[in-house]
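Protein chains: 4
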Amino acid sequence: MRPIRLGMVGGGQGAFIGGVHRIAARMDGMFTLVAGALSSDPERARASGEDLGLAPERTYMTWDGMARAEATRPDGIEAVAIVTPNHLHAGPAVAFLERGIHVICDKPLAATAEQAAAIAAAARASGAMFFLTHNYPGTPMVREARAMVAAGALGALRLVEVEYVQDWLARPVSNKQADWRTDPARSGAGALGDIGTHAWNLARFVSGLAPEALAAEVSTLVPGRRVDDNVSAHLRFAGGARGRLWASQVAVGHENGLRLRLAGSDGGLDWSQEDPNRLWFTPIGEPRRLLTRGGAGTGPAAQGRVPAGHPEGYLEAFATIYADIARAIRTGDRAACPVAGIEDGLEGMRFIAACLASSAAGGAWVAMH
Amino acid sequence: MRPIRLGMVGGGQGAFIGGVHRIAARMDGMFTLVAGALSSDPERARASGEDLGLAPERTYMTWDGMARAEATRPDGIEAVAIVTPNHLHAGPAVAFLERGIHVICDKPLAATAEQAAAIAAAARASGAMFFLTHNYPGTPMVREARAMVAAGALGALRLVEVEYVQDWLARPVSNKQADWRTDPARSGAGALGDIGTHAWNLARFVSGLAPEALAAEVSTLVPGRRVDDNVSAHLRFAGGARGRLWASQVAVGHENGLRLRLAGSDGGLDWSQEDPNRLWFTPIGEPRRLLTRGGAGTGPAAQGRVPAGHPEGYLEAFATIYADIARAIRTGDRAACPVAGIEDGLEGMRFIAACLASSAAGGAWVAMH
Amino acid sequence: MRPIRLGMVGGGQGAFIGGVHRIAARMDGMFTLVAGALSSDPERARASGEDLGLAPERTYMTWDGMARAEATRPDGIEAVAIVTPNHLHAGPAVAFLERGIHVICDKPLAATAEQAAAIAAAARASGAMFFLTHNYPGTPMVREARAMVAAGALGALRLVEVEYVQDWLARPVSNKQADWRTDPARSGAGALGDIGTHAWNLARFVSGLAPEALAAEVSTLVPGRRVDDNVSAHLRFAGGARGRLWASQVAVGHENGLRLRLAGSDGGLDWSQEDPNRLWFTPIGEPRRLLTRGGAGTGPAAQGRVPAGHPEGYLEAFATIYADIARAIRTGDRAACPVAGIEDGLEGMRFIAACLASSAAGGAWVAMH
Amino acid sequence: MRPIRLGMVGGGQGAFIGGVHRIAARMDGMFTLVAGALSSDPERARASGEDLGLAPERTYMTWDGMARAEATRPDGIEAVAIVTPNHLHAGPAVAFLERGIHVICDKPLAATAEQAAAIAAAARASGAMFFLTHNYPGTPMVREARAMVAAGALGALRLVEVEYVQDWLARPVSNKQADWRTDPARSGAGALGDIGTHAWNLARFVSGLAPEALAAEVSTLVPGRRVDDNVSAHLRFAGGARGRLWASQVAVGHENGLRLRLAGSDGGLDWSQEDPNRLWFTPIGEPRRLLTRGGAGTGPAAQGRVPAGHPEGYLEAFATIYADIARAIRTGDRAACPVAGIEDGLEGMRFIAACLASSAAGGAWVAMH
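Residue numbers (the working numbering), protein chains in the order written: chain H, 174 to 542; chain D, 174 to 542; chain V, 174 to 542; chain A, 174 to 542.
Think of the hints as simulated: they come from the structure by calculation, not from any bench. Note that the structure is predicted; figures quoted are calculated from it, not measured. All residues carry an ideal CB built from backbone N, CA and C; glycine is no exception. Mixed in with the good hints, there may be bad ones.
What the hints assert, rightly or not - Pairs of lysine to any residue residues, derived as SDA-like cross-links and limited to a Cα-Cα distance of at most 25 angstroms, are as follows:
1) D:K349 - H:Q476
2) H:K349 - H:S438
3) V:K349 - H:L225
4) D:K349 - D:T232
5) H:K349 - H:S213
6) D:K349 - H:R398
7) A:K349 - V:D201
8) H:K349 - V:D439
9) H:K349 - D:P480
10) A:K349 - A:T285
11) H:K349 - H:R398
12) D:K349 - H:P473
13) H:K349 - D:S213
14) D:K349 - D:G202
15) D:K349 - D:G397
16) V:K349 - V:D201
17) H:K349 - D:G472
18) H:K349 - V:S438
19) D:K349 - D:G470
20) D:K349 - D:P480
21) A:K349 - A:M234
22) V:K349 - H:R398
23) D:K349 - A:D439
24) H:K349 - H:L225
25) A:K349 - A:G264
26) D:K349 - H:L225
27) D:K349 - H:S213
Stated by the list, open to error - Counterexamples of contact, computed for chain H against chain A with all Cβ distances above 12 angstroms:
28) G226
29) A242
30) A323
31) R399
32) W538
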């Protein structure tokens, strides 16, 4: 498969989610980033493009200019990732969709219903595809959970309990990430939009249940804050299932506690994103089973990039080793590089030999130096 | 930083660790894979090269040919990753080192002491660098642990307890991964070489203690197996610390249980690779503290690619979303793609609006459809 | 302190909570059970009294008769434990309170508001004391949590999240325990009364917050059931704190999941009754700390009957050993008793000696038989 | 069953294990403590006897005097619990056994081989029974584990991994508990005797394997200590199973970490005493299952005094409530007693009513005061 030519709107220096999108696009080798309108600040836009190795002529100052230029290049981008604050999704989304360029948009869709409607109209009219990056459904055990529900492993669903609780806004905070999220004009809503929609999406993705009605309590618990920071909703689903959704940014003791519990007539499931490789499954009347990514008793949806028992951080640790190596090669400074070298390798061989020698000698102590 | 031109020896279709090296090399955009001698089977070598988008003239049939050809190209590889079984490390390692090409070699160093010595001689003579990919030291919380030990957080070290226990060889197994690992000629040792060296390296990396002597019991517990599958060693370190290393492939109930515990005069640490984002720290006489990657109370070594609370699988879930998108774009089949789209985005907006409306109406139930 | 003479109403053969009350009364040697009206069935009342070693003349057929007789005996009971189904609390409670006998009543107070009012009137008029056995506040770490909240460790409370979720009624069940609990006439309410009141009491006990209002969804999720089996309520407390309470008997995957989370301006707490010896405490901006019963960093409220690290099951295991011994002594059958004996003791001594001998001989293997 | 008349040697004021034995003896109502030689200090012996409500004439100053006197009383003790330091077991054990009184002796058997031999001779010669109180085999999930092993659930055993690790002696400590345990004359051995024998006993009890040989490393890691504080032994069992035992009192981060892991050809088990109600069971090739005391999928051995989901601390919390009540009754101070009363009961009823009212009113907020 030929890699897809990708552009990016937002994601300049200091941004968080833009970098995440870039790593994600790179990991499986299926995209090549070739263009960007990375910041509304021209200086930052230019510097950010240089950091990413973009050609100067494809480092744009505005998404508008980028949409026009890329749409006419023979090697123009095929897809664009929009990673700006919520109130700045609609403009670029419409511009690229109208030009037949696929849009990959960060969630939530927009800051207002009007913006959302504009995107929807463009998406429906366009021949290009629209993707909203709710990322948690990309987790193998979430997909396994959905597959199990769909296959009837829980019987008729009765309960949907989802919570997404954090504490990073438990104190008044001011930084790039916090500022736009707590500004009603830029975010539209607080915890509700930022993480409530993730929780909602996860519950819907896994359960497959159609929502009927909700009853909610939306609160602002940190004095002086201008958006909500704690939301709870009772949920009713088609078919009679009941549920709850809790989103909080002031729940001290929780870093990023997204958890989904489902119960039905025949079984229950429990998944937490802070422990993403595991999924608890309880067939009614039987002991709880701990399913693991790619582990015993799981199906194709639960497979990841590495075998069972290697948590997904395994790949990142490996990538860190590679990044260290790259830096050593480019700087020539081997000594500063923490990656194991030939002496470590020889010591490993001595360790093996010493174990074999000791064991052969009836467990006698064998010197190691 | 300009990406480094990378070659690979081994890692053809059906291999495990080769794919891991490629994802790791790609994740941070610091390497470009441009050449490979991917299999000793010519047909598989060719097909594997095509899968990876290598130029046909840089898809080599032998590592020997690759070393000679790449060393003379102006755009030849700067580094090579060797991901063959243990007994096939020495040949390519020496060949590339002699030509001044940096070597990234999978662990353990070799299958025999002779092979290891050959690599060491070449490494010492070469102007190029040699790296052994013990990956666990790439984990942020492992680096944090090392930094804490070095800073004296544990006082004088007394205990080093490391275990790496698996169960995938608890039954006689035959497949590509198991076959060479259980063949003495190709692996050199069983659990001892495959995972014992990882445990050893981890203990050394974090503790910084110099080994003095060991007393071991090396066993083969599955009848008919020709290599060890369970090893335990008592360890003595310089300065009087005591320890134990356990490596097992027959410990039923453990998938990939690498765990390190250290205790000193002033504190203790506990880390498990199946839960890599967490590190338990106990200052003596105080409650245990749960440190998390990038979380409160951690230093620069503990930082990863994403903020605290997002386990490292977060990036992989995101990458899976991107891979799904790429497939949808290339195949044109949006319906088969599980990534959220415009309707999900609109529903998320309706969810936000319904919560706000219900809360404003004193918690009244609000219809969702 | 002289033990208190105790009577019991309910708790005959086949009952659950009566046996719990008796063990609890016995554990610290502060009560002596001397009288009982143990069942409304005369035959069972008589047999149950005999099992418990009660004098025949103090084994009553009715609580009414017991109240009258015991009130006039010079050695009459000083307190009575009422462990009948909810709708049978009021009668005996009033009868004993009117006679100046202290009442220890199982929760919830009653099945109807009228019954509750009757008990309240009698309690207020009586010189005797009235106790409601919400047992979870007896847990050391719950008391520690309350003490921490009271001492301001969490700052101003903002969030109270309590859940009590079980799955034992996820299927239609019929047995002595289930039958009265699912009969509206005998229980008054289902999950709401049986476990919702426990959750409520726990939240109130620890937080100390005064309730202002609630908004609830009370559901029956198992078809054909006549009482509620799933309840969720949004809570508002004086001072602005928000909360939620969830009680469910159909949450498959949960045995007895009572959990309380509190968050304030300065910290958070998290306690689960299935892991009662532990309490998570997060001072805002610091790593989570795992407090343990009697462990480092805890105060007097956290002390239990045994030192830190011995979970409370420690005492019960010890008691089981004693019960086994008692049976061996009474039956004379030592062989059937699993408690260690002299040979085990000698083997333990040989184990010690062998370790010392091996270590002294440089870790040589020492035979054990 | 008529309660057994029990005496106690040791266990006076300030002792730990004596109190544990008394609670254990009392819990199921099968013993009555009627005599004691509670301390070698006459004043403390007298005061301790008074605390326990012993008759003055059965509060003895020496175990010797107690043995002689009780053996001739018609209502003399039937059994004696010996809870003195290790070096003081043999004297009373022999004295009571010779008089036909059953002996319940704390572990380890003795401080020296000579003392052990003396007890063994008396036990074999006596018509009375001898019990050694290794308490962990009294835990339901330990008994379940043994039953599973015996029933073949693990197939042929291959691995026995047991550890008992603490940190309370990681610093030089001086108190009543620490002093005799770190005095070679009184304890015989350090970690080895105090907790190593517990670990040994547990491994033997559950596995049923006969030991063949061991190779050990016995260390003293705290400078100046006169007994061992860290022990590791490699173990060989009949039939070829391999194992390891680790006992440490200096493993900072562990309170009372007794853990047993077993693996065989068909499955694995994992139990930790700090989480005693749970037992992990992995049938080979299947997901891990979390068995709970009395829970789904367990047999008769796993049953405890309370239903599944109520950890064993449940009973102690209940007993604490009762103890609080007893104090309130004896002191007359109801206000100081934290046990719920009539107002709490009424509030619980209001909570139930408010939930029902709110739910009936479509989830409207209902005031609670």
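Hints, verified against the model:
no. : hint            : result
1   : D:K349 - H:Q476 : 18 angstroms, holds
2   : H:K349 - H:S438 : 46 angstroms, violated
3   : V:K349 - H:L225 : 70 angstroms, violated
4   : D:K349 - D:T232 : 22 angstroms, holds
5   : H:K349 - H:S213 : 14 angstroms, holds
6   : D:K349 - H:R398 : 59 angstroms, violated
7   : A:K349 - V:D201 : 23 angstroms, holds
8   : H:K349 - V:D439 : 23 angstroms, holds
9   : H:K349 - D:P480 : 14 angstroms, holds
10  : A:K349 - A:T285 : 21 angstroms, holds
11  : H:K349 - H:R398 : 16 angstroms, holds
12  : D:K349 - H:P473 : 20 angstroms, holds
13  : H:K349 - D:S213 : 52 angstroms, violated
14  : D:K349 - D:G202 : 30 angstroms, violated
15  : D:K349 - D:G397 : 18 angstroms, holds
16  : V:K349 - V:D201 : 30 angstroms, violated
17  : H:K349 - D:G472 : 21 angstroms, holds
18  : H:K349 - V:S438 : 22 angstroms, holds
19  : D:K349 - D:G470 : 44 angstroms, violated
20  : D:K349 - D:P480 : 38 angstroms, violated
21  : A:K349 - A:M234 : 20 angstroms, holds
22  : V:K349 - H:R398 : 53 angstroms, violated
23  : D:K349 - A:D439 : 23 angstroms, holds
24  : H:K349 - H:L225 : 21 angstroms, holds
25  : A:K349 - A:G264 : 21 angstroms, holds
26  : D:K349 - H:L225 : 39 angstroms, violated
27  : D:K349 - H:S213 : 52 angstroms, violated
28  : G226            : 45 angstroms, holds
29  : A242            : 53 angstroms, holds
30  : A323            : 19 angstroms, holds
31  : R399            : 24 angstroms, holds
32  : W538            : 9 angstroms, violated
Taken one by one, the earlier hints fail for this structure at numbers 2, 3, 6, 13, 14, 16, 19, 20, 22, 26, 27 and 32, listed in ascending order.
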